[in-house]
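There are 2 protein chains.
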Amino acid sequence: MPSEDYAALLERIGRVKDVNSAIGLLSWDQEVYMPPKGAPARGQQLATLSAISHRMFTGKEVGELLDRLGGDTSLSADATKLVEETRYDYDRATRLPESFVQKFSEERSKAYEAWVRAKGENNFEGFRPNLETIVDLSKQKADLMGYEGSPYNALLEDYERGMTTEQLRPIFSELAERQSNLVERIAASGRAPDTAWLDTEWDRDAQWDFTIRILRDMGYDLEAGRQDESVHPFTTDFDLYDVRVTTRINTNNPFEAIMASIHEGGHGLYEQGFLASDQRTILGEAISLGIHESQSRLWETLIGQSRPFWEHYAEVLRQAFPEQLKNVSNDAVYRGVNKVQPTLRRLDADECTYNLHIILRFEIEVALIEGDLKVADIPGLWKAKMKQYLGLDVPDDARGCLQDIHWSHGSIGYFPTYTLGNLYAAQFLEKLLEDLPTLWEEVGAGNFAGLLTWLRAKVHQVGRRKQPAELVRDVTGKDPSSEAYLDYLEKKYGELYDL
Amino acid sequence: MPSEDYAALLERIGRVKDVNSAIGLLSWDQEVYMPPKGAPARGQQLATLSAISHRMFTGKEVGELLDRLGGDTSLSADATKLVEETRYDYDRATRLPESFVQKFSEERSKAYEAWVRAKGENNFEGFRPNLETIVDLSKQKADLMGYEGSPYNALLEDYERGMTTEQLRPIFSELAERQSNLVERIAASGRAPDTAWLDTEWDRDAQWDFTIRILRDMGYDLEAGRQDESVHPFTTDFDLYDVRVTTRINTNNPFEAIMASIHEGGHGLYEQGFLASDQRTILGEAISLGIHESQSRLWETLIGQSRPFWEHYAEVLRQAFPEQLKNVSNDAVYRGVNKVQPTLRRLDADECTYNLHIILRFEIEVALIEGDLKVADIPGLWKAKMKQYLGLDVPDDARGCLQDIHWSHGSIGYFPTYTLGNLYAAQFLEKLLEDLPTLWEEVGAGNFAGLLTWLRAKVHQVGRRKQPAELVRDVTGKDPSSEAYLDYLEKKYGELYDL
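Just so you know, the protein sequences line up as chains A and B, in that order.
In case it helps, this note's numbering puts the first sequence at residues 42 to 540.
In case it helps, this note's numbering puts the second sequence at residues 42 to 540.
Calculated directly from the structure, the hints in this document are not laboratory data.
Treat the hints loosely; a few may be bogus.
Chain copies aren't distinguished; within one or between two, either way the pair holds.
Calculated cross-link-like contacts (lysine-lysine; reagent style BS3-like; alpha-carbon spacing at most 30 Å) [said to hold, decoys possible]:
| id | residue 1 | residue 2 |
| --- | --- | --- |
| 1 | Lys-78 | Lys-507 |
| 2 | Lys-78 | Lys-499 |
| 3 | Lys-472 | Lys-532 |
| 4 | Lys-78 | Lys-122 |
| 5 | Lys-533 | Lys-426 |
As the structure is a prediction and not an experimental result, all values here were calculated from the model.
Based on the provided sequences and hints, a complete structural model is requested.
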């Protein structure tokens, strides 16, 4: 029999989540359907609802409920965990003074505007003072939140709980070394696949139908979710039974939409996979961005760029595009999907180069927050590292250090979760193949039931009951590491490029 | 220089409106894009946000601000009006005790479920007890709100401010007599137009493009709004610059979508037409449902079912559907659009019969609220009146008194606004033709700029500065009456059916 306090906490959190769902819908709509002139009002609506949600969650009644429930030994294990997780969020939400939150929010808005302009004009100087302010405020935030070791750890905590700079450094430096080396060897092999067959027109509707077909095959429930189009694909959820993904269609390259849909579908399956009994509670939430990204990247790259996958789906795609693919073998499709080509833009990066983009950003962020780098010196360092890791000359800052939105949003500490997602995914796959040795045959038949069942049980249904590193350890028996991912990459691309 | 109190009131109301916009978006999404399994969570989200909005608006700080501002003689005329209108809403919102609001809300939910079931099973008895409760609560609500004359006036006030049962009775009884008579004469004429040409397939996309074309021609700003599809067409707004309409496409009859789009476009133009300086304030709102409906019906019927309109748009439609319309003259299209045919369903009614459906409901509602009719006697009375007004035998209650959702929603007093919309529209048109004698030539050229300019200045931009009857009087020089509408109907249909 749950106590009155516990019921009151659930009710309060449920209502906060209702407001957050409305915020989610306002944001989703902004990206997919809002008419352009609606933007200023939408900004106001979002600000009002965010303030309401913050106030509802950080009210002292919540603190009092948590104080009383913290000592309640009659609670079940789940209830105890729920109280602990709520306490964790409550403490972090209340540790920053309202004046600081307000100031940070205002500076972020200014920085975002300055960044849009600076990027358009290829003028880093136009963004430099704003980024300096963001870095200063991020350092202050680290001090207010508290940390051990590097101050960057306080920022990481927002995106990847429990992860530290000290843990990431050796992992990332090994990745940087071996992935750069791999990219060099691939370039030296001179075995770039011929993808001239891609240069034609690919019908929008046929692409759309193909992405819906794949989402269905993956097990994504379209009665409890939907797909729409947006400029930048994303996943959002308003409830366990309303999880939405978006994709982006390029009529010159069908693999943009296909890969975007599989990636977001991976995120969506995580959100659709929480326990029904955790619905509208804090336990029915993703534990971290890295774990979230492990789900999207597992589906997108480890499964969706695998040979068995394309042995099956090249045939399906050929039915949709008989003319375009009549002289293209399944093997050629597989090789085309896995073409390695260093790029200036992170968003264009392939499996072999993606982490290098992230590591570069991580190193710059840590140096900024630890005080070893001035904002004014970012462009030079960016160019040097792009040359070192990817062998590329950066022609200008617009295609260099101004390319990402994250810093203007104040999201310092976010980038590493992209790479952690890749690493966790490879670790999960290694274990998955032990538990489900027929995985590749199943994937080769377009059958993902075994895979999804495993992910549901091992990852999705855990919700917030375990922290990211704890989850990885419990599932795989190992700490987060680069080993599985590097083994995977070197084996796959060694074969593909005959290294 | 506005006072601090005035600025505080604007800020408070602005935030309430932000929350209401989020409620609007949640409701819009529910009708157009929400996946089916998302319904229960959506219900919770709507309940939470409605409670927040109500509490924000009825807080005692608002009352204190209004008290102080009510005596502030330094305010401008607009500011004074804004305070008065806010006071009006505040008083009405605070007059019902929270326990009553809660009870009514619960009973409405139960009544809605019972109605859906009862309608499906054609079993009035299954809905009767719930409707009795709704009627009882509506009577209690009337007592709590206060009224002069009929208690029904207190309910009318929610939808059509200032309108009374005493004013409506003679207007409606004249309408009933003359419209029934007109319908009888049309039936007796034996001149029903041949609409066999409609019985073919009408492409969805071509219909969609045609409705968008008309919306654009009307002056609806698609950068500040959009059209989607829904089962029941509606208009909603989240801001002056985000006003959305929906339509419904029937591939067996293109005029359903066309008329729905023009109707909702008329509502949408009203919402897009408030003054920019009234944005996010209570003055930038529709004054009543009747005035709102006057805008939709003016565009849909008086303009969109006129001969000049179809002299122009039959050509445009023929370009979209060359096969379907190759042997159909513009005159035949015009006659087809205006076919008169008594129907059991209000939603299928044409211009000549629509008000008769409304008057029947009005008479039943008034008798229920004044205590002259028992709920159990509704089915019998419904059948008698359908026979009297429309000459139809009602085969069952599902197609009779169970057809509308309104009573299950507790919306007693709403129906009359549909007919008032027709009457106001005809009164506006009469005046408009004096001010803009070239109207029909312009409409015949697909040019609505003069019409829209007139509506903007005379109706839209007034917002809530005038009450409905006051607006009608100020624009037309006459009180609300049935005269203009009956003249219009008898002239138009007299010609069409050669009476």
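Checked hints:
In the homo-oligomer, the alpha carbons of Lys-78 and Lys-507 lie at most 30 Å apart only across protomers (28 Å), although the nearest pairing inside one protomer, at 43 Å, exceeds that limit. Proximity of Lys-78 to Lys-499 under the C-alpha cut-off of 30 Å is restricted to the inter-copy arrangement: shortest distance 25 Å between copies versus 45 Å within a copy. Proximity of Lys-472 and Lys-532 under a CA criterion of 30 Å is satisfied intra-copy only: 17 Å inside one chain copy versus 82 Å between copies. In the homo-oligomer, the alpha carbons of Lys-78 and Lys-122 lie at most 30 Å apart only across protomers (28 Å), although the nearest pairing inside one protomer, at 45 Å, exceeds that limit.
Taking identical chains as interchangeable, the C-alpha atoms of Lys-533 and Lys-426 lie at most 30 Å apart only when both belong to the same chain, with a minimum of 26 Å there against 79 Å between chains.
Every hint from the earlier list agrees with this structure, and none is contradicted.
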